[in-house]
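Construct the complete structure from the given sequences, taking the supplied hints into account.
Respectively, the protein sequence lines represent chains A and B.
As numbered in the working numbering, residues 63 to 399 make up the first sequence, in order.
As numbered in the working numbering, residues 63 to 399 make up the second sequence, in order.
Keep in mind that the hints were calculated from the coordinates and are not lab data.
Please note: incorrect hints may appear among the correct ones.
Pulled a few chain A residues facing chain B out of the computed Cβ check, cut under 10 Å [claimed, not checked]:
no., residue
1, V73
2, P122
3, Y209
4, L360
5, D379
6, H382
Remember, predicted model here, so these are calculated numbers, not experimental data.
Note that CB positions come from ideal geometry on N, CA and C, so glycine has one too.
2 protein chains.
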Amino acid sequence: MRRKALDSGVVLRAHVKTHKTIEIARMQHGGSTGPITVSTLAEGEFFADAGFDDITYAVPFAPGKLERAAALARRIRRFNLLLDDAATLRALEEFGTPFEVFLEVDCGDHRSGVDPDDPRSAALAAEIARSPVVRFAGLLTHAGHSYHARGAEQIRAIAAEEGACVTRFRERAGIPALVRSIGSTPTASLVERFRDTDEVRPGNYVFFDAFQAAIGSCSRDDCAATVLATVIGSYPDRGSAIIDAGALALSKDLGPDHIDPHFGYGVVCDLDLRPLPVRLAALSQEHGRIETREPLELGRRLRIIPNHSCLTAAMFDLYHVLDGGRVVAEWQPVRGW
Amino acid sequence: MRRKALDSGVVLRAHVKTHKTIEIARMQHGGSTGPITVSTLAEGEFFADAGFDDITYAVPFAPGKLERAAALARRIRRFNLLLDDAATLRALEEFGTPFEVFLEVDCGDHRSGVDPDDPRSAALAAEIARSPVVRFAGLLTHAGHSYHARGAEQIRAIAAEEGACVTRFRERAGIPALVRSIGSTPTASLVERFRDTDEVRPGNYVFFDAFQAAIGSCSRDDCAATVLATVIGSYPDRGSAIIDAGALALSKDLGPDHIDPHFGYGVVCDLDLRPLPVRLAALSQEHGRIETREPLELGRRLRIIPNHSCLTAAMFDLYHVLDGGRVVAEWQPVRGW
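Shown next, in the form of structure tokens:
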């Protein structure tokens, strides 16, 4: 991803919410610090402590978090906030800290962000540009709807619109200095080269997961984070086995159920990451129920490729880093808010 | 629950996996320590450190955890393990620690446990009883299928079978000294009095949640754990608003979707816990998307009654304890495995 961003002449502002570790964030920047995106103030503080000094907090900002955000902004070179409404702008102005501000634009996901075709959106952009307090840094969009795609062709179409949408809106707003920030793992993974953008913010690509493999962002062999589990019950008579990884170890994300409603809660593999012909059918807090007519040996170790690696990784206090099947390091993520 | 157990002449061995705090475990025993159930060895160690000395680890035991389990068993008066197969029994015997052992019996949930009507199950009971190493403490069952019920009548029928099943199996095994241990929150909440049992292990009842209210274990007013969230986006034109509580704050548990497939990811309430006529339709990592045609004021605080309080509570490092709307204490749960 770093190579593609360099070749495209755009900034990689990797989203670190997937892994939440200093070590991987540095790997994403070739071994040093660099621009990052965070999803919580706790992440912002953790990465600032480790020397990351250009951070975008890419969730619409709530003024109740101003004191803490301002304290973080004072410590680092750039702390960029996200907004999509005038009320938040006014709250920032009243508070007085000269935050860098991105305006969120909705490129089709319809989660947050302003409608780029609504004249009120250009008016809001003009209002931010006139602000005597904040600095208008850029336009940010997230093509979250790429997660609903059913294959590479649909994802590439969304990728084209992602950049085109912020570019069009920047022209409409008439502020050519604005940075265009785009990025979702499906779109960033499937384009040959980044176009119509100045920076990209993919996150999940560091691990990928069963979901990304199903929609075509990657192959299953690209999945880099797994949960080690042990068979603790085998009931071939009733067609099932139990592992000691449940909803707290894996998360209850349904994965690519828009493609396969019976996908299950992750891909069950042996230690060499060869998938077993079984389905992880149900999760309770600490039990995972596998459908299988073949008995699974009690005590057998399995590795589960999670449906959604961001949610699964956040359940653990430690990564065991494998190289050639041996644990070579342990990395600690930040957690909480 | 404690009063009902006392009146019924049975032991309350509350499952502490729901809250994972010393403070609530003590409340469950009238202010002191008492028998508890745990779902992880980390919980066992945490509660042992706080003086709880009679602990059942109610997940089928994996022999790979023997060293750690033995270290815990040496520290406390009773550490009870769960098994449902002869291979685990042999592993325990080879290891040599005189663990107390419960045999898990399947009363209809079909997750784990032996089939009480299969002659091999009585043979396994006889084998445990003859063991020169472990002590056969009792029979344990979990009526997890009560979670699929659609109301109080179905839950009460499952409750009756829960106790009857272990009682029948104890007779078949011919070992009258075995403790019969039952318990799920739906069944334990809806019986007037515990019958056909010696101890009960409900857990979720300390908080209840939107799911338990929907299936009839409790009323919505009984729900005691909520997540405080803030409105960070309002888009009445597209019929939605966004809060800063997503999948990591709430868990992606679908709740009572067998009763209402459109239930959503929790019940959105005002600060006084009055439900709003809106639906929490989607969660991404740090965003919750509410369907609403009415604008929600930016910065407004909401409380979300979670679908599954056990999973939601486990996402947090701290409880803020409210009394009359004021925070009167902070409690720290244990986490991890």
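Quick rundown of the hints versus the structure:
Because the smallest distance between the Cβ of A:V73 and any Cβ of chain B comes to about 22 Å, over 10 Å, the interface hint for this residue is violated. Of the supplied interface hints, the one on A:P122 holds, with its beta-carbon coming within about 4 Å of a beta-carbon of chain B, less than 10 Å. Proximity of A:Y209 to chain B holds as hinted, the smallest CB-CB distance being about 9 Å (cut-off 10 Å). Taking 10 Å as the C-beta contact cut-off toward chain B, the hint placing A:L360 at the interface holds, the least distance being around 5 Å.
Of the supplied interface hints, the one on A:D379 holds, with its beta-carbon coming within about 5 Å of a beta-carbon of chain B, less than 10 Å. A hinted interface residue such as A:H382 counts as satisfied when its beta carbon comes closer than 10 Å to some beta carbon of chain B; here the least separation is about 13 Å, so the hint is violated.
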